[in-house]
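K.L.:
The primary structure of each chain is shown beneath.
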Amino acid sequence: MVNRVVIAGGGQSALQVGISLRRRGFEGSIAMYSDEPALPYQRPPLSKSYLAAAAADAAALAFRAPEFYEKLGIEVHLSVPVTAIDRAGRRVELGTGETVGYDALVLATGARPQRLGLPGEELEQVHVLRSAADAERLRRRLRPRTRLVVVGGGYLGLEAAAAARQQGAEVTLLEALPRVMSRVTGTRVATFLTDLHRSKGVEIRTEAVAVRIDAVAEGGVLVVLADGDEISCDEVLVAVGVVPNVGLAEGCGLPVDNGIVVDEHGQTEDPAIFASGDCTNHPNPVLGQRMRLESVHNAVEQAKAVAATIVGESQPYAQVPWFYSDQYDVKLQTVGLFQGADRVVLRGAPAEGHFAVLYLVGDRVVAVDAINSPREFVLGRKLLAEAPDGAVPLIEWPEADGDAAGAAQMIMPA
Amino acid sequence: MPKITYIDHSDQRYELEVPNGKTIMEGAVENAVPGVDGDCGGQCSCATCHVYIDSRYAHLLPEKTTVEKEMLELAVEVTDDSRLGCRLTVDESYDGMVVHTPESQF
Chain D
28 MVNRVVIAGG
38 GQSALQVGIS
48 LRRRGFEGSI
58 AMYSDEPALP
68 YQRPPLSKSY
78 LAAAAADAAA
88 LAFRAPEFYE
98 KLGIEVHLSV
108 PVTAIDRAGR
118 RVELGTGETV
128 GYDALVLATG
138 ARPQRLGLPG
148 EELEQVHVLR
158 SAADAERLRR
168 RLRPRTRLVV
178 VGGGYLGLEA
188 AAAARQQGAE
198 VTLLEALPRV
208 MSRVTGTRVA
218 TFLTDLHRSK
228 GVEIRTEAVA
238 VRIDAVAEGG
248 VLVVLADGDE
258 ISCDEVLVAV
268 GVVPNVGLAE
278 GCGLPVDNGI
288 VVDEHGQTED
298 PAIFASGDCT
308 NHPNPVLGQR
318 MRLESVHNAV
328 EQAKAVAATI
338 VGESQPYAQV
348 PWFYSDQYDV
358 KLQTVGLFQG
368 ADRVVLRGAP
378 AEGHFAVLYL
388 VGDRVVAVDA
398 INSPREFVLG
408 RKLLAEAPDG
418 AVPLIEWPEA
428 DGDAAGAAQM
438 IMPA
Chain F
839 MPKITYIDHS
849 DQRYELEVPN
859 GKTIMEGAVE
869 NAVPGVDGDC
879 GGQCSCATCH
889 VYIDSRYAHL
899 LPEKTTVEKE
909 MLELAVEVTD
919 DSRLGCRLTV
929 DESYDGMVVH
939 TPESQF
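From first to last, the protein sequence lines are chains D and F.
The first sequence begins at 28 in the numbering used here and counts up by one.
The second sequence begins at 839 in the numbering used here and counts up by one.
Don't read these hints as lab results, they were simulated from the structure.
Mixed in with the good hints there might be a few duds.
Said to hold, decoys possible - In silico lysine-lysine, DSS-like type, Cα no more than 25 Å apart, as pairs:
#	chain 1	residue 1	chain 2	residue 2
1	F	K907	D	K409
2	F	K902	D	K358
3	D	K358	F	K907
4	D	K227	D	K358
5	D	K409	F	K902
6	D	K358	D	K409
7	F	K841	F	K902
8	F	K841	D	K98
To be verified - Covered by chain D, according to a simulated footprint, are these stretches of chain F (three or more residues, beta-carbon under 8 Å):
#	region
9	862-871
10	874-880
11	902-912
Ideal Cβ placement from N, Cα and C applies to all residues, glycine included.
The shape of chain D in the complex, shown without the other chains (with noise of 0.2 Å):
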């Protein structure tokens, strides 16, 4: 019987655990230790429009009121990180040198900025973007004409160069790969978005690896490139990935291999100790794979999977992934994986601005990217989530409708 569940983190998947407990009628203690000084709070707007405006409001980034927390009975220590897990105890010892019993432990640890290693990387003009402090820093300092230099051409470095454009900076974007946005979405969305940011201003270089940043007079940096090519800027944003934290997790032996390992209920091999989030890796039993994402859908779906199993219930976590993005005023929404695609199926009208691309292995759809076609995301999201594995025969893909242009619709290789 489980009376006490103590939660290590407070960001979005912690909060979810706990909501998902009180409505499944859990009625024992919760207790959730934060690392950070805030409340739950939205990540996805640090990189969007959080960073874009003019004056940012960091409480109205917060998911839940303080009274919400009362309301439910859910104990919130903030600035109090879990240290280390007990397991034969059923204990974890607090930041403050305290120890806390738990019936259930939840590993809601998210995770933490991948760093580059680079001489000169702890310079004060040098920032990372995981926090809302972290986003609050880097909003400061962007005003009309700040050079900044984003290394990393992945969702969070693009976003972040969008939001820096529109406070008007001048931004340099380093990629490291041919193309941006490898790991996440294939050619046409990426030259889509190379195109998007470079009409708005953006320098774009790619194949272009930093090796050193240097600390110039008059406050600047200078960042250096292996081809040895150096960027004159004031600011520089690192946003080449995050790691998951599994430092809890491993310091009692629990294994780990690129994130916390967990079964589709979120358990680990400790049946007292679930994960929850960005640290796990766990089973997607609809793609048939494990795998660690960093997303919203992931963060709730999970924690709500975690919830169910802590109250003796059963509701795995078996779903088709979905993410999104804004850039200026396209909004991307991905549903599926699209890495192992052969074909795609491109419909609707880059050069207007609104198109999808359908992933295909085989002849069968795996996943859709939507450029400012949300019809095309929400059918992607619900033919793909009614499949069994989680693809759907190309042949029963309803047409692009509408607007959409659906003659433009081209089969090409991936």
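Go by the hints and put chain F onto chain D.
P.N.:
Leaving out everything else, chain F in the frame of chain D:
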């Protein structure tokens, strides 16, 4: 502060004061009204803030944008009264409004 009454699928009523500038979605989730999730935090990306607003209040609401219309297709049991709560920002004119929440978002 505008008073808004949320009624969940089991007819439980929640009479709440929702500050101007908050959305109908935020008013529900911040007060733990069942039936509204608001997973994406109001980015119009997830369709988990589906609510029903009686047509007698329709004149107070903004027109549905294309994005809202298309995202609503993800919701279950959509009717003419269906809206996404994150698209509706509360002001004084919303005082007295009644919002029904669905049994579940999916």
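K.L.:
Does the structure break any of the earlier hints, and which numbers would those be?
P.N.:
none
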